[in-house]
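Visitor: As you go down the protein sequences, you meet chains A and B in turn. Each residue of the first sequence is one higher than the one before, starting from 1 at the first, in my numbering. Each residue of the second sequence is one higher than the one before, starting from 1 at the first, in my numbering.
Please note that a few of the clues may not be correct.
If we take Cβ atoms under 10 Å as the criterion, some of the chain A residues that face chain B in the derived model are [claimed, not checked]:
1. Q19
2. K21
3. A24
4. L28
5. Q82
6. I111
7. L114
8. I117
9. K188
10. W246
11. I248
Straight-line C-alpha distance at most 25 Å; calculated DSS-like pairs for lysine-lysine [claimed, not checked]:
12. K109(B) to K14(A)
13. K14(A) to K6(B)
14. K76(B) to K249(A)
15. K112(B) to K14(A)
16. K76(B) to K3(A)
17. K6(B) to K3(A)
18. K249(A) to K112(B)
To be clear, the hints were calculated from the coordinates, so they are not data collected in a lab. For glycine and all other residues, C-beta sits at the position ideal for the given N, C-alpha and C.
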Amino acid sequence: MIKIFWALMRTDLKLLLTQLKDKAIDALLWGGMTLIVMAHVMPALGLKNFGLFQAATIFIGVVGFEIYHQLFLLVMNIEHRQHLFYLFTLPVPIWVVFLQKIVFYTVNGLILSLLMIPLSKIILWNQMDLTTIAWGYLLIIFVVTCFFFSCFLLLLVSHAQKTDQVEHLFMRLMFPLWFLGGFQFSWKTVYDLNHYVGYVGLISPYTYAHEAARVSVLGQNGFLPFWICNTVLLVGSVVFGTIGYWGIKRKLDLA
Amino acid sequence: MLVELKNITKIYPGGHRALNNVSIGFDAGEVVGLLGVNGSGKTTCSTILAGLHPPTSGNLFFQGKPVTSDIAGYRKHVGYCPQQPTLNDLLNVYDNLYFGGLYFGLNEKETKSATDRVIQIFELEQHLQKYPPMLSGGLRQRVMLGRVLIHDPQFIILDEPTVGLDPTIRKKLWSIILDLKKMGKSILLTTHYLEEADVLCDRICILDDGHILKIATKKELKGEHHQKDLEDIFIKLTTEPEEE
C-alpha cells in the first residue's frame with residue numbers, strides 16, 4: 001500500500017515540477033500586486049500602512065486560488081470519467097487514493113505559500129523585520145492551512161456536479177468565505193463593530209487561518225488565540241475531509 | 001472458476017436497474033464475449049467485475065473466495081480497459097505505462113521490463129514521448145491496452161477494445177487476445193462486433209435489459225438456433241421478446 005501511495009505521489013510531484021514555474025509566476029504576480037498596493041499605494045491615500053498585516057495572510061489567498069484550480073481539474077476528471085477512474089481500479093482501498101491527493105495538495109500549497117515569504121520581504125523591505133516573526137508558528141499554520149484546504153477540497157468536489165458549476169461554487173461560497181473571513185481585517189475589528197457579524201465570521205475557516213497567520217507575524221495581541229485557530233482547522237479538516245470522502249464515494253458509487 | 005459473479009443485481013441511485021440477477025463464471029484460459037445492445041448492462045457488468053462499482057446485491061468471487069473483504073487484493077489480479085480513455089493526459093506514453101506498473105506494486109526493475117515488453121507488443125516505440133491528447137484514437141487504445149497488461153493480470157476485462165482501431169491493429173489485438181488465452185488468462189470481452197466475438201470467444205453471454213438472455217458456447221448457440229452466423233442468433237434473441 002505504501003509503495004503504491006508513493007508511486008502516486010511520485011507522479012503528482014513529477015507533474016508539479018513541470019508546472020511549478022507557471023504556478024510560481026501566477027502566485028507571485030497576484031501576491032506581489034496585492035502587497036504593492038497595500039504597502040505602497042494605499043498609504044499615499046492617507047490610509048494606514050497595512051503591508052505587513054496583509055503579508056501575513058497573502059499565502060492563504062494563494063492556497064485558495066490553487067484549490068480553485070485543483071477543484072476544476074478534479075471535477076472535470078470526474079465529469080468525463082478520466083484518469084481518476086483508473087486510479088479507483090488500483091489495488092488499494094479508495095481512501096488511499098484520496099489521502100494521497102490530500103497529501104499532495106498540502107505539499108503543493110505549501111511550496112507556493114513559502115514563495116510568499118521572500119516576495120513579502122522584497123516588497124515590504126524595512127517594514128518586515130524577519131527577527132520578530134515566530135517562524136515555528138508560521139510553519140505550523142502554513143501546514144495546517146494547506147492541509148485544511150486540501151480536505152475542504154474533497155467536500156467541494158462532492159458537491160460540484162459539473163465543471164460549469166465550479167465557478168459558481170467558488171464565487172458564491174469560497175469568495176465570501178475568504179473575503180469576509182478577514183482577508184483584509186482582523187476578526188476583532190469586525191466583532192467590535194458588530195458582535196453578530198463577528199460571530200458570523202467565525203463560520204468561515206479562513207478567519208482562523210488568517211488570524212493564526214497574523215499571530216505568527218504580528219504577535220498574539222488583537223487576534224484569536226493561535227492554538228484555538230489551529231485546533232478548529234484540524235478538526236474541520238477531519239470533519240470536512242471525511243464528509244467529502246464519503247460524499248464522493250457515494251456520488252461516484254465506488255466499491 | 002477463476003472469477004464468478006453470482007446473482008448480481010445493480011440498481012443505480014434513481015432506481016434504474018442495470019443488472020438483474022446476473023450470474024457468470026470465468027475459467028482460466030477462457031474468453032467470454034459479453035454481447036448486448038446499448039444499455040443492456042455490459043459496461044455495468046464490466047465495472048463490477050473490475051471492482052470499480054459495488055453490486056446492489058449478489059457476490060463476486062475470485063478463486064472461490066468473495067472479494068468484498070479484500071477488494072484491493074482482488075484488483076491486483078485484474079486488468080481493466082474501459083471504453084473511455086483514462087490515460088493521464090499530462091504524462092507521456094512511456095510514463096503512463098511505467099507508472100501503471102508502479103501503481104500495481106511492481107518494483108522499478110520489474111516495471112521497466114514490463115514497460116519494454118508492452119511497448120514491443122503494441123509497437124509503441126515511435127510514440128513514447130507523445131502525450132495522450134496528441135494520439136489518434138487507435139493509438140490511444142493501444143496504450144490503454146498496454147497499461148492493462150503491464151502488471152500481468154490473471155483476469156482481463158476489455159470493454160469494447162477494438163472500437164476505432166484500424167483493421168491491421170484490430171487483427172493484431174485479436175492475436176494478442178488469443179496469445180493471452182493460451183497463457184491461461186481469463187478474458188471478458190464486451191463488443192459490438194459479432195465477427196470478433198465469433199473469432200475470439202469460447203462462450204457468449206447475451207445481455208438484454210440487465211438480464212442474461214443466453215450464455216453458451218458458440219457451438220451450442222449455433223446448434224440450438226440452426227444458424228451459422230452469430231449475428232443472426234444475436235438479432236433473433238434480442239428481438240424475440242418484442243415479437244412476443
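Visitor: Taking the hints in turn, state whether each one holds.
Guide: Taking the hints in turn, this is what the structure says about them:
no.	hint	result
1	Q19	holds (8 Å)
2	K21	violated (15 Å)
3	A24	violated (18 Å)
4	L28	violated (23 Å)
5	Q82	holds (6 Å)
6	I111	violated (18 Å)
7	L114	violated (23 Å)
8	I117	violated (29 Å)
9	K188	violated (44 Å)
10	W246	violated (14 Å)
11	I248	violated (14 Å)
12	K109(B) to K14(A)	holds (19 Å)
13	K14(A) to K6(B)	violated (42 Å)
14	K76(B) to K249(A)	holds (20 Å)
15	K112(B) to K14(A)	holds (18 Å)
16	K76(B) to K3(A)	holds (13 Å)
17	K6(B) to K3(A)	violated (33 Å)
18	K249(A) to K112(B)	violated (33 Å)
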